[in-house]
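Asker: The primary structure of each chain is shown beneath.
Protein chains: 2
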Amino acid sequence: MKRAKRYLVAVSALLVLLVGGGVALGRALNTDDELMEDTTPKTMDVILSEIRSLMQDYSIEAYIVPSVDAHNSEYISLHDRRYQYVTNFTGSAGTAIITLTGAALWTDSRYHLQAENEIDPSYWTLMREGLAGVPTRDQWLLEHLSPGAQVGTDPFLIASTEYERLGTVLAQSGYRLIALERNLVDIVWNNRPPQTVEELRPLGYEYTGQRAADKISTVRDTLHALGANAIVINALDEVAWLLNLRGTDILYNPVFFAYAIITHERVHLFTNTERINETIREHFRTEGLMPPVVDVRDYQDILAGIDEYVRDGHRLLLSTACSQALYAAIPAEQRLQQYSVVAKLKAVKNAVEAAGMQRAHVRDGAAVVRYLAWLETTVGGDDNVTELSGAAQLHAFRSEQQLFVDLSFTAISAFGPNSAIVHYSPSTDTDLPITRDGIYLIDSGAQYLDGTTDVTRTIALGQPTAFQRECFTRVLKGFLSLASAVFPTHASGTVFDTLARKALWDVGLDYGHGTGHGIGAFLGVHEYPPSFVSNTASPSNQGVVENMFSSNEPGYYEAGQFGIRIEDIVQVVRADVPHDFNGRGALTFYSNTVVPIQRKLIDVQLLSEAEVTSLNKYHRRVREQVGPLLLEQNDSEAYRWLIEATEEINTPTADSLAPVHQNGTM
Amino acid sequence: MKRAKRYLVAVSALLVLLVGGGVALGRALNTDDELMEDTTPKTMDVILSEIRSLMQDYSIEAYIVPSVDAHNSEYISLHDRRYQYVTNFTGSAGTAIITLTGAALWTDSRYHLQAENEIDPSYWTLMREGLAGVPTRDQWLLEHLSPGAQVGTDPFLIASTEYERLGTVLAQSGYRLIALERNLVDIVWNNRPPQTVEELRPLGYEYTGQRAADKISTVRDTLHALGANAIVINALDEVAWLLNLRGTDILYNPVFFAYAIITHERVHLFTNTERINETIREHFRTEGLMPPVVDVRDYQDILAGIDEYVRDGHRLLLSTACSQALYAAIPAEQRLQQYSVVAKLKAVKNAVEAAGMQRAHVRDGAAVVRYLAWLETTVGGDDNVTELSGAAQLHAFRSEQQLFVDLSFTAISAFGPNSAIVHYSPSTDTDLPITRDGIYLIDSGAQYLDGTTDVTRTIALGQPTAFQRECFTRVLKGFLSLASAVFPTHASGTVFDTLARKALWDVGLDYGHGTGHGIGAFLGVHEYPPSFVSNTASPSNQGVVENMFSSNEPGYYEAGQFGIRIEDIVQVVRADVPHDFNGRGALTFYSNTVVPIQRKLIDVQLLSEAEVTSLNKYHRRVREQVGPLLLEQNDSEAYRWLIEATEEINTPTADSLAPVHQNGTM
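Read top to bottom, the protein sequences are chains Y and B. Just add 1133 to wherever you are in the first sequence, counting from 1, and you've got the working numbering. Just add 1133 to wherever you are in the second sequence, counting from 1, and you've got the working numbering.
Bound conformation, chain Y alone:
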């Protein structure tokens, strides 16, 4: 403990207090090597005492420890799991707030049980978000501060928009939100996992379809149009896409920690410089980025890099998703902030990327088909199959596929009541055996060099109930309605969300999640735009254009009973229609995913002739595209399963047609 005390005194003397809006230069990330010598784990008591001591030095009464990193990443590296270090909670989303006398952790319903098990209630109060009577973070802060108190944040770990919002809320009650130069958890965290230093992977033209120099040239066109001199790129997948590089710093997302500043003349890359070896330098040359165009600098120099351009009077463009640290580094009159222009470029795949996505989905389809066939023969046999062991088997089938790199997320392998939990993923605590008595939902995906996949199928290995079949069929009707929609260029995602829900709404049903999310090409499984959601205010919910890719994933969930979701990745393509209103172009979708939809769960009486035709056409294509791969992979059992699973469904005759539900009282 003595060492820690001395350390605190030494650091306190160096502390620079940043008032909101100030500029922090030379932020050090993990460079206090001399202070890292004692890596003996600290007790919760010590951790919180040390943080509170630092809080007093900073004159703050509350300190916010969010579960995000400096790049607004979806998955958080171990190095950035500060909230986990201070709370012991290992879930993926939560916010901790430490005051001088208390501490509280907010997490959503996915994690209520897990957080209860993991946190020590003598130090932490669990705030179960979504339950009645649970205060929001804002409310709790306002109740626990003394007059005129200050609240501290790490400006790298809070979005500029949220900093502004929270700052206003606090100011209205006479409090003050301030940005601290150092992260207090980092100071205390003596056994912090280092950032990964694995080599970067150059991605060739055969996968990217566009040289980095050409991507950067397009970005510069946008800068020119906006009257900006430079763009600061904070999202990891945007840096990776722009430079045609991939990494392994974050689970499931093939990215690496970096910032970039693109000007009309230079490309400044801020990352671990050790990884920019001769291979990467050669890659830059191949990509048209000749020395001295690319300037590689240390990750921690980003604010200094911005400041050089600020001091030269340049106008800098930022994304609306950037951190407060980057935002505050640029004076308002030199700052432009917009929905990320790089995200919008990245969202529209080029021909090479689109072809890669299609090929990756066919191989991925082969893996999923082999898994579904394997389940059919294995479940109910001598070997016990569980949610976890099933997911492992699917992983194994995927890793046999060419160009496989990794999974794209933890599989939602969910049986029976677990399938009704939208964001479920199995753990040893919850792992259920998969049997012939219930619904099984498998939502999974992988990273291949040529594309990212995400597919959900729902099956009954035994006999489904009539209600399960009705729900499945209504989900399928929405899924087919979206997939076959013809729509004008720049339609909003709400259009597709409406089509996907209509058949459920017809009988008063619905689902509580979005209908579709964009997806990267060997990048994040969730990327935006596009976004197919009912929230008309979402900025990602706008302007669908050709060669965007999205998931199409309506569902239905009967709590405690069963869950249904059908999910394909669809590509926006030109529609072949007889007219062209205002010359704006008609679009439709092409489903990249090729995995049979279980016929046993379909109530054909609820389908229209057009829907049956559409489904039969799809199954014919699944058979044609996936069949040969199964034979190549010598899985004749899976091949036989595929042939049966893709057999034509008979159109219901007009006589047998159940009367279509008549709604409305027109």
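Careful: at least some of the hints might be erroneous.
[As the list claims (entries may be wrong)] Examples of chain B residues lying across from chain Y (beta carbon under 8 Å, computed):
#	residue
1	1510
2	1712
3	1713
By construction, these hints were calculated from the structure, which means they are not laboratory data. Even for Gly, the Cβ is constructed at its ideal location relative to N, Cα and C.
Following the hints, complete the assembly by docking chain B onto the known chain Y.
Answerer: Frame of chain Y, contents of chain B only:
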């Protein structure tokens, strides 16, 4: 001219220049009686010279004359047609900008021809909005101002949001937008029509269903919830609705010029005090507003009235649609601005209003049926029927109906190529004969004491082409899809817009207007919310709830050839469905409009069985509701026409079903 000169000097001495954000008190509207003595019409030369002389006194280089009134009304009284006085242009929408050396009028494509005919090009440049190369008002201003110039506006005639926007645009180029206390046109306008002074009409409980005191009590609940002390109401229909009074100050809209300030204790009504006679005072008492609750003050005292509350430190609530004059009268820290809370209350009709709307639509249906029957027998006969004479005949049939007050807008009576012009209304210049060789579109409505109507039917009196029938049937499919939709409470209008367009999108067709607008109960034919549009950012496009009323009006327009629109007024009602997701309630629509849809224009092969059933059910109801009225009105010819027009359509047999258009490449 001498008189005018003297007048100008006198007024100039009194001028108070208001800098943006300042507060103007005691604004005088039309009180300079002594200056009105010479009403000899001035020449355009004199009008512009005098305005320019005033502009120099004010040190402004440009003066904006918009086509709006101080209440953001849809229709503008003659008293407020300042743009018409300065330009001679009589169309309903346009903006004039006068500089020291030039003048330009912006108007949209509806009025390009009319404006060309009406304005004198030696004084005015016509800016044809929507045509390529035509500068926007912003662009034109920026090009015509000298460095540091000031632009003048009447703060009563510009929305606070637009004032802010334009002010920012001008400021970015070093110019300055300023608000002038006096309207320069009013000073010059020596023969200005007076405001109308007809008596007000108290509307009884049998039509309103809620006493004014109860409406005001609900508004006060909202004020309380928002922490506001008072609300300033600027929209005329909101004042009329709140006080259960109607007027005739504006064509088609039964409203009267007034503002209101509602506090927790008082109701301040700012209007022409002469019209608040004993009848109206008795009405206030009947409505639960006992003296001294209601304080009636002169219309021109609104800013003084606001100022009293401002000086007392109260917080005042404004609508986002309020004028800059009201906005600037309240300091930022005492001002709350929201989408109008009164508009949101008014949008949800109570049971009495809803029943009145239904009854009004049945009577209106009888008038329209009589007209359509009359057209069938008259067109092609000895008497020439034209767009104008047809509309007059329809007006006559309407005025025979009980509780009829007036039309609700100028009928769009449009034949052949004219029907392809969305906002067409016939004039003597454009009036076409209605013949058996072309499509006739009639979009019309009326004001009844118990409700407002708006209906469109499209008919072919001869033989329609196959393409016309396909287009009509696709419009009908969208119309039926919206009408029969089941949807969750609080769905956005984009949901309905999508459903209405889908059948057109399927073949690459569409229409260039919104799908639905809210409608008043004996108030404006257009009121918001709701709004069924694709624009997801529209604040009226949110939160549909039970007993809102909207139009349902998809269309298709083939320029120069024909136009199709089918429009009903639909009421949001509870849906009878087996499930209730999250207990939020399922809703659907009830069509209030009861007028047959012409079967001759329907290609039954394109309809599903459900669509045919739905249409037959509707026609059965039309026959049942309208038939008895026709017999009462002794129009047996119209009755026979109705019986035939509402005969059942046969369901296409399964064999004869054309293959449904297969879209998508899934």
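Asker: Confirm or reject each hint.
Answerer: Tested hints:
Hint status for residue 1510 (chain B): violated, given a least beta-carbon distance of 29 Å to chain Y, over 8 Å. A cut of 8 Å between beta carbons decides the hint on residue 1712 (chain B): the least distance to chain Y is about 4 Å, and the hint holds. Interface hint at residue 1713 (chain B): satisfied, since its Cβ lies 5 Å from the closest Cβ of chain Y, which is below the 8 Å cut-off.
In this structure, the one hint that does not hold is number 1.
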